Each structure stands twice: as C-alpha cells, then as structure tokens.
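Order-wise, the sequence lines are chains A and B.
Each residue of the first sequence is one higher than the one before, counting from 693 in the numbering used here.
Each residue of the second sequence is one higher than the one before, counting from 92 in the numbering used here.
Careful, some of the hints might be misleading.
[Unchecked claim] With a Cα cut of at most 20 angstroms, we get these calculated SDA-like pairs of lysine to any residue:
1) B:Lys198 with A:Asn874
2) A:Lys956 with B:Glu164
3) B:Lys198 with A:Gln850
4) A:Lys776 with B:Lys198
5) B:Lys198 with A:Phe849
6) B:Lys198 with A:Trp877
7) B:Lys198 with A:Gly855
8) B:Lys198 with A:Thr852
9) A:Lys776 with B:Arg161
10) A:Lys971 with B:Ser162
11) A:Lys780 with B:Ser162
12) A:Lys780 with B:Lys198
13) A:Lys780 with A:Ala769
[As the list claims (entries may be wrong)] If you want the ones that stay clear, here's a sample from chain B, every Cβ over 10 angstroms from chain A, calculated:
14) Thr227
15) Glu232
16) Leu258
Don't read these hints as lab results, they were simulated from the structure.
Since the structure is predicted, the reported quantities are computational estimates derived from the model, not experimental observations.
Each residue gets a CB set at the ideal place from its N, CA and C atoms; glycine is no exception.
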Amino acid sequence: MELFTNQILAGISTGAIYACLALAVVMIYQAIDHLNFAQGEMAMFSTFISWQLMQWGLPYWVAFVLTIAFSFAGGIAIERVLFKPLAKAPILTNVAGFIALYSIINSSAGLIWDFTIKQYPTPFGSAPFLGSQLISTHQAGMIGVTLLLLLALYFFFQYTRVGLAMRAAASLPESARLVGINTSWMIALGWGMAAAIGAIAGILIAPVVFLEPNMMLGTLIYGFAAAVLGGLTSPFGAVVGGFLVGIFENLAGTYIPYAGNELKLPIALALIVSILVVKPAGLFGRHIVKRV
Amino acid sequence: MTALLNVKDLRAYYGQVQALHGLSFSLNEGSLTTLLGANGAGKTTTLRAICNMVRSTGSIEFEGAALTSRSTEGIVRLGIAHVPQGRGTFTNMTVEENLQLGAITRKDHAGIVSDMERMYAHFPVLKQRYTQQAGTLSGGEQQMLAVARALMLRPRLMLLDEPSFGLAPLVVRDLFGILGKINREDKVSILVVEQNAQLALELADQAYVIETGRIVMSGAAKDIANNEDVRKSYLGY
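Can you build the whole structure from these sequences, using the hints too?
The following block contains the structure:
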C-alpha cells in the first residue's frame, strides 16, 4: 500500500510538470491552432539560461525571475519574427516552422553549453518531505509551484481585462477585433506566457532529468499526451491530463510486469490512445459545432 | 448637418472577384440610415469594407479621419461599433463578460458600470441572464446582447448587419423600437443593412438602395418607401 501511495504521489509530482508543458502547448494551440513542437526546446533553453545565470553567481530565485522574464520576451520575439508571417500559411508550412525552431534551439544550446549532462540545483532540497518517505521536498515543491501557477493563471484569465481579451481573441478572433482588441498582440502575449510557463516546467524538472539539450524530449511527449488527453481546447483539461499521465506512467512502470522504465512510456500512451478512441475530443475538450 | 461618414468610390474584392463597383454615400451625424438591397448586392461587403475586413480601394472618412489605412481594431477604437451578420456573440462566455468585452477599450471604470446598468434597462432580459453562457440565449436575446455589446463601446456610429435575420416578427419590432430610441436618446448614428425593407424604411430617416455593388437610389426613407420601383422590388406591393 505504501508503494502504491508513493507511486501516486511521484506521479502527481512529475504530472505537475507535464501539466505545465501541456498548458503551454494548449495556450499556443488556442491562439494559432497549431501544436508547438518546439515547446520543450524552448523550456530547455530557458533552463540553460537560468543555469548560466547561477554559474555567474546569481542566487537561485534571482536567476529564476530573470529567466522567466527572458523567456516571456523570447516567446514574444519568436512569434513576431517566425510565426506572425506564417499566420495565413498552410498547416505544413507551420509544421516546418516548428521543426526548424526545434532544431535551431536544440543545436544552439548544444553549441553554447555542449551536450554533457549537468547537475541542476533544487531550492527545495531532496530530503523526505515532512519526515515522510513517500515524497521528497523537491517533488512537493514541484507540486506546490505548479498549483500556485495554475491559481495565478486562473485569476488572470477569469478576473483581468487582458485575460478576458485573450480569451476573446482565442475563441472568436473576428469578433474580438470588432470590439477593438488587437488580436495579433494577444497571440504574441500567449506565446510569451507559454514560453514563461515552459521555463518554469524546465527549471522544476531539471534536477530530476539533469540538464542537457535533449532533456525535454520525453517530457514533451508526455506533455503532448496530457494536452491531447485533456482536450486541446481546454486549459483545465490540459492540467488534469498532465496529472493523469504522470500517475498512469508511474503505476504502469511499477505494477505491469516486465514493463519497468523501458515500457512505461508506450504503455501510458497506449492507455491514452484507448481513451481517445472513446472520446476523440479528449476528456474535457469540446467538439466545435457550427450553426449553418 | 455635417457628414459623419463619407464613402467615395469604394471598390471591394474577394480574391479576384469584385464585389463593390465604386460605391459612394455619406451619413449625417445623428442619422439613422438604411442600406437596402437583394441578396448578394454588396450590403454586408460595404459594412465590412468600412471596418477594413475586406480588401478595398477608394476613400472612407470618419469625422475627417481616413479609415482605409487603419486596422479593424483601430477603426473600432475611433468609435465605430459593428454588429456583424450572425451577431459575433462570444457564446462560451457569460452575458456579463460579453458586455465587458464591448467596453474593453475603455478605461473609465465608473462609466462602464453605469453603461452596464443602462444596457440592462434597455434590455431587461439580459439582466435576468447575466451569469448565463451567451450561447444558451435565444436568437432574439443574442441579437439584443450583440447590440448591447456594441453600445458598450459608446460608439459614435453603429453598423448593424441584418439585425432582423432569423428573428420572430414581434421580436424584430421590439428590437427596432429600441434601435430608434438609442438613436434619438443616446445620439448614436446608425447604419443598418436590412432585407426587411419595410421595417427598415419605417425606422430610418435616410435610405440607400444598392444593386450589384452600386448605389442606384438614395433619399429620405419615406420618399424611397413611396418609390414605385422600390415598392415592387423590395416591398412586394
């Protein structure tokens, strides 16, 4: 029983990271209707920035805040330079854009910081959380930071003017322009926020997977799975999807014989596919129905 | 009277297809003008061209400011509210959020709150439903919400694209009554595009008739209503 609780809690803590990435993916999907394949690489690059800042002697939280700000600006810059011109281009052109972005960021990180694995610190420590063997303080920190972030985002979208304008621009761009919203900047803002959220995910997962240019590959696949499972149209669904995927993954790795670490990814994904067969729009997604 | 909106030689294109062929008209400050015409005549295109939502050439001036080089949202910020065909309701948001979105470019919090109350006075049904998802409203209620949302901008000019579309006759009467009231009391100039010519001519003081992308007739609404050609083509008697 203790093993079971332990696996659930471990699942929730990695699930928190998947939830963040899924949320970032959904924010961009809502804004431009494309999956950002480079979301993980953007997060990885941000994490390297924070590592570099710490190497230069800045304290953890200072580096953290600066990195978030840098990522926010970087996300906006990527949208302005690369994806704004592609806004009316066909899907495949956009896909090519994302793949280009993926390899540009991946290679630049390798060029600047090389491909050796680096230790990444945690501000929470790795002692048992509250004296319990079930979960470490870093895992508890991951869950805590994610929940705070989700709460902040909820208030932002529900109770601020900019949040309302962003929701309007994502759901009906033409109507949003007709009430005077600059939808183009709302999309850029969405990219900035997605990049910042991704940076938080990268920084939190780095102590677990270690820092290197390919660190987000596995995480991003889980993040995509989470977003699709929850429904790409629902931020709330993305978060729930993230936690579910984290829990599936851990339980599959522990309880299915021979699965272990090698097979837990395919098993978790197979489970997700079987859910999608029954509910193609995801658990919380909506089919877009248009009146004709 | 000074012209609030001046449109000259407007031509609009959908890809290679030309939809407007040199259209000119003007609106007076405080007027309620209707644009009549059959399906495909170019009524909707005219409204979309004013808000720069379709590629066009020619000149459009609003209070002396050229609109053709501005973005849609920039034009809205000058005080032109456009209620599009199909209403453009944010269906997955509440009635109240829809009204807040109408005022999203305004900074005067107290004014927004008092305008919200005024909208609930104009359209009591919206007050009963303010926490409800806008998509669950009936067609008539959604049209009222769309008009209320446009008014939240405190526009100088309101463009309405077929407000009567799909509504029961009684609801249309109601809505047009409110539009007249808004025009008189709130001093909002209105340009309304309608298929329901009879009702539109009763409401409006100025009218233009548009055929295949050109203005073919213009004048006071009551004169247009008495014109034999118009009666035969649009009023059916």
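Checked hints:
no., hint, verdict
1, B:Lys198 with A:Asn874, "holds, 16 angstroms"
2, A:Lys956 with B:Glu164, "violated, 50 angstroms"
3, B:Lys198 with A:Gln850, "holds, 18 angstroms"
4, A:Lys776 with B:Lys198, "violated, 28 angstroms"
5, B:Lys198 with A:Phe849, "holds, 18 angstroms"
6, B:Lys198 with A:Trp877, "holds, 19 angstroms"
7, B:Lys198 with A:Gly855, "holds, 15 angstroms"
8, B:Lys198 with A:Thr852, "holds, 13 angstroms"
9, A:Lys776 with B:Arg161, "holds, 18 angstroms"
10, A:Lys971 with B:Ser162, "violated, 40 angstroms"
11, A:Lys780 with B:Ser162, "holds, 17 angstroms"
12, A:Lys780 with B:Lys198, "violated, 32 angstroms"
13, A:Lys780 with A:Ala769, "holds, 18 angstroms"
14, Thr227, "holds, 14 angstroms"
15, Glu232, "holds, 15 angstroms"
16, Leu258, "holds, 15 angstroms"
Hints 2, 4, 10 and 12 from the earlier list are contradicted by this structure; the remaining hints agree with it.
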